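Participant: Residues per chain are reported as follows:
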Amino acid sequence: MSVRRKGPRATIVRIVTYLCLVSVAVIVVFPFVVAFATSTKNSQDIFNYPPTLIPKEPQTIDPTEVALPDVDADADEPLPLYAFPDSDTQFALVDNDVSVAEFRPLDDVDRIIRLDVTSGEKTGEVVIIDGAEEDIFAIEVDGTTVEAYRSRLTSGGQFVSLDDPTDVRVELVNVVEPLQQFGPRLENFEEVLIEKDFGRSLTNTVLVTIAVVSGQILTSILGGYAFARIKFKGSGPLFLLYLGSVMVPFVVLIIPLFQLMLQVGWLDNLSALIIPFMFSAYGTFLMRQFFISIPIEIEEAALLDNASRWKILWRIMVPLARPATATLATFGFLYAWNSFFWPLVIINSGNPDGRVLSLALSTLGGRSSTDLNLVFAGAMVAMAPPILVFLFAQRYFVENSASSGLK
Amino acid sequence: MAEVTFRSVSKQYEGGGPKAVHDLELDIKDGEFMVLVGPSGCGKSTALRMIAGLEEITEGELRIGDRLVNDVPPGDRDIAMVFQNYALYPHMTVRENIGFALEVAKVKKAEIKARTEEAAEMLGLTEYLDRLPKALSGGQRQRVAMGRAIVRSPQVFLMDEPLSNLDAKLRVQMRSEIIQIQKRLGTTMIYVTHDQIEAMTMGHRVAVMRLGVLQQVAHPQELYQRPANLFVAAFIGSPAMNLINVTLDGTAERPTANFAGHTLAIGGGAIERYPQIVDRIGSSVVLGLRPEHFSMEGDFDLPEDQILEFEIELAEAMGAEAHLHIMLDVPVVELDGQPLSAEDGDEILTSTTKIIARIDGVHYVTSGDSLRLGVKTHLAHFFDPDTGLPLS
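Sequence order for the protein chains is A and B.
Under my numbering, read the first sequence as residues 707 to 1113, first letter to last.
Under my numbering, read the second sequence as residues 12 to 403, first letter to last.
Careful: at least some of the hints might be erroneous.
Claimed, not checked - Chain A residues, not near chain B, derived (Cβ > 10 angstroms throughout): (1) S825; (2) L908; (3) Q965; (4) L1010; (5) A1013; (6) L1026; (7) L1040; (8) R1101.
Stated by the list, open to error - Simulated pairs of lysine-lysine, DSS-like, Cα-Cα distance not exceeding 25 angstroms: (9) K145(B) to K1017(A); (10) K124(B) to K145(B); (11) K117(B) to K1017(A).
Since the hints were made in silico from the structure, they are not lab data.
Since the structure is predicted, the reported quantities are computational estimates derived from the model, not experimental observations.
C-beta atoms are modelled at their ideal positions from N, C-alpha and C, and glycine is treated no differently.
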């Protein structure tokens, strides 16, 4: 039954409710948006302040479209564009390594005028500034000649106006505002997958996950069916014992399990990530509960049809247990995909070929944490498959949390 | 096709308690339609499941045909069973459901198809062959369950209350369909029900069970007319037989039954069938009167001492007939300390006995009337109140 109030009060209540819900949703989603945005930014963009959610790249222009002054700019490279505060037109940075002279007019020594190092002529007079003797230059500013002294020589960029090729300016590159445009850098992913060897980690993770999930499904179906339907001595206590193992926290098992892996010779080996996790007490419990809920008559009918136990299991019970199997598969997948601590213990840090995604991601974050865009690109690679799985299997999640095995 | 024979078969479930089936002796003939009937917990389903091999037999011998099947697994008994909830395989289409047994038996695909379609044709399921069970109505599911049984041509059909999940109208329809299918195939059929109307209308013979013990096996008509004990008398018939605690009085030639201030003469036919009546004069017995043994005064020519005046508690006009409920100030008849007429969980007043008289529908009777009713006591039944056995 759906109850829906009407009236102005109810509308307000509904609006407030929605606002609350939307804000919570935004808070939840925001980190993912940031991660995704960052993963597509270039290495300069990630340090832009204030940070933006939209990845940006410098706006450029092809050098052939600009009337170049007589400079030795590399004619093949696209030229970045800048904006000067006193002009509406865009300027192309044609040379970012020119010598720049900083002049300070004598009548206003706090003002800095930056000009090409060749401009200005010595008048022959000198001025004493803070106890030092400086030559006086006559420089041209906005059409008038001004007397100034040269306070500093530095290097900067030469900018040419796109509208007026005669308007050539010299300025420090970092004081003019670079023009930016929307520009995601998808090469981040390529770089992470190939250069940072995430491809290998991804393959390992997929391999481990598939093996763990299929192993869990197989053993849980067999165990669950046996506990649900086959009568044998001690099945009750055995099941309780098995189920009780769910209560043992994993940290307690790490050292004995490590010892075991050492004995078997699986240290630093993917087998250690697969074999111990192919058996799941939780999965067996889940399948058992589901099998119990299937009416016994269906199985009896199959028995009367002369079907063997094996045939009944695979032809009747397993197809009927599809929802439980899917639930088990999704949980097993998430567990295997996200597992970090055990791989960290068992795989040597010096063995990149044995790494799984979670390990690779932590290494990436630790070793080159200035490449935040790459770290986030790696995180996106690691996150995408679980999100896809969730999208396809979400109803099994919901079903499971609503009615775990109670059908 | 085969006969099914129970020889002293008992079933004791693990964990003690009374035996679910006690020393069952039953011969079911080849091609017979045998109905096992009884209230819930009477052991009828257990008996059926023992034939199917779904319950182990604790003691005794069970034979299908000449073969002792006590330890034969269900699949090897060559029987088919229809379950109360149909037990269709939910993920298989009707075609796959019907053909599954053949598939297991590794019958060739073409033959599976032919036999499946033949069975579907017989049951009017042809157009539903490719549907899943959930897309079928209750009646259609029931037919699929039948189809699954028929397609195997088994030696014995077992049916465990197959109609109890259907509505009344469909139940009547399926009842006659099952009878026709059994007649057509000629296969031995063992049918379990708690509904005595189904039992009466369907079975060649009916086996009535109570508390794991077989009470009587007979043709339905014989069950009705010659119940072997109080339980069968009370169980078979609808409305049920009126059972009244009476004291016998009168003479050996013309004994009377005295109850609640009434004195009712017993007709000659009854004395012939129940000769012990004469010896019991002066003692308490149970008088059994079918509702149709009552009539309006004047409808039949009955002597004056077989006509009694009753106050009608409730009159139910059914059209062709009317049911008159009469309360008698007599303690109800009990069997093993339980009121016989009580259904499971019913609370009934044990100090008064309700009887129902069925009279011709032409009479207009209203509740509260006082009526003179004739009683055909020559057709009445008499039982020993302690043993429940007839006084024959």
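Participant: Now tell me if each hint is right for this structure.
Facilitator: The hints, checked one at a time:
At roughly 87 angstroms from the closest C-beta of chain B, the C-beta of S825(A) stays outside 10 angstroms, upholding its exclusion from the interface. Even its closest Cβ contact with chain B, about 35 angstroms, leaves L908(A) beyond 10 angstroms, as expected for a residue assigned away from the interface. Remark: the non-interface label on Q965(A) is consistent with the geometry, its nearest Cβ contact in chain B lying 44 angstroms away (cut-off 10 angstroms). Look at L1010(A): its CB is around 5 angstroms from the nearest CB on chain B, not clear of 10 angstroms, so calling it non-interface is violated.
With a minimum CB-CB distance of about 5 angstroms to chain B, A1013(A) fails to clear the 10 angstroms threshold, and the non-interface call is violated. A beta-carbon of chain B comes within 10 angstroms of the beta-carbon of L1026(A); the shortest separation is about 6 angstroms. Distance check for L1040(A) against chain B: the nearest CB is about 27 angstroms away, which clears 10 angstroms, and the non-interface claim stands. Distance check for R1101(A) against chain B: the nearest CB is about 18 angstroms away, which clears 10 angstroms, and the non-interface claim stands.
Distance check on the hinted pair: K145(B) and K1017(A) sit about 23 angstroms apart at the alpha-carbon level, within 25 angstroms; holds. Of the supplied pair hints, the one linking K124(B) and K145(B) holds, its CA atoms being roughly 22 angstroms apart against a limit of 25 angstroms. Among the hinted pairs, K117(B) with K1017(A) is consistent with the structure: their alpha-carbon atoms are about 13 angstroms apart, no more than 25 angstroms.
Hint compliance for this structure: hints 4, 5 and 6 are broken, all remaining hints hold.
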